[in-house]
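Model the full assembly from the supplied sequences, consistent with the hints where possible.
Counting in our numbering, the sequence shown runs from 491 upward without gaps.
In case anyone wonders, no lab produced these hints; they're calculated from the structure.
Treat the hints with care, since some could be wrong.
What the hints assert, rightly or not - Now the in silico label distances, taken between C-beta atoms and shown as ranges:
no.	residue 1	residue 2	range
1	G682	R505	32 to 40 Å
2	S689	R507	18 to 26 Å
3	G723	G654	43 to 51 Å
4	Q613	G532	22 to 30 Å
5	V510	R718	20 to 28 Å
For every residue, glycine included, the Cβ atom is placed at its ideal position computed from N, Cα and C.
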Amino acid sequence: MTSMMPLVVEKAQVRRRGKVLIGPVNFTLRTPGLTIVMGPNGSGKTSLLRMLHGVVRLADGTVSWACDEISARAKQAFVFQNPVMLRRSVCDNLTYPLRIQNVPRKIANAEAERWAARIGLTQVLTRSAAVLSGGEKQKLALARALIRKPEVLFLDEPCASLDGRATREIETLLLQASADGTRIIMATHDMGQARRLGSEVLFILQGKLHEFSPAEVFFENPKTDAARAFLNGDIIE
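In structure tokens:
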């Protein structure tokens, strides 16, 4: 069990310019597991992840880890749908999270080479990250997040614009990370991906939590009309 979990969310609410984006929501995430956040476009998936990650201010309620806030921030990572690449080489992108933690350059470079081999980018280690394909950038962003061994990893639609091969490679990395003990909380619109990866599902609509259940229960026996309509491919608002 990670030292950060459980994550307890109580009456948490996020507002922007008077509009409620999330909440109030209540749930507890434990470990191990890979939590899938699902819902139609505009339902609040990204806002929920950002709230849990602590990069948006709560208007009300609490988001509490099993450790202090400073420790929690140091032990988690976030990979965005459109990854931001440093204007540096692939190697420098990989070593950056380690170097800012004062890991010696020799050790950081060795870790970068190991991760580059793992994600299939050994041949482009010295190339600028900016010229990589979309799938390569996403793999690099994921490796850059995992290289420092976070206890919790947030992902926002990491495969939204990728082809089947790149998606399969990303999913393999995620399953291995989960098996290695990283607690993953991930938003996806891909029903097949949610079924393949998820151990539990948070289903949100209009910023409200409509269902929170084990993945097999959610997909086979959803409890709300909204979830059933969503799984049927209907348009819901």
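So, going through the hints one by one against the coordinates:
{"no.": "1", "hint": "G682 with R505: 32 to 40 Å", "verdict": "34 Å, holds"}
{"no.": "2", "hint": "S689 with R507: 18 to 26 Å", "verdict": "36 Å, violated"}
{"no.": "3", "hint": "G723 with G654: 43 to 51 Å", "verdict": "20 Å, violated"}
{"no.": "4", "hint": "Q613 with G532: 22 to 30 Å", "verdict": "40 Å, violated"}
{"no.": "5", "hint": "V510 with R718: 20 to 28 Å", "verdict": "25 Å, holds"}
The structure fails hints 2, 3, 4 (numbered hints given earlier, in ascending order).
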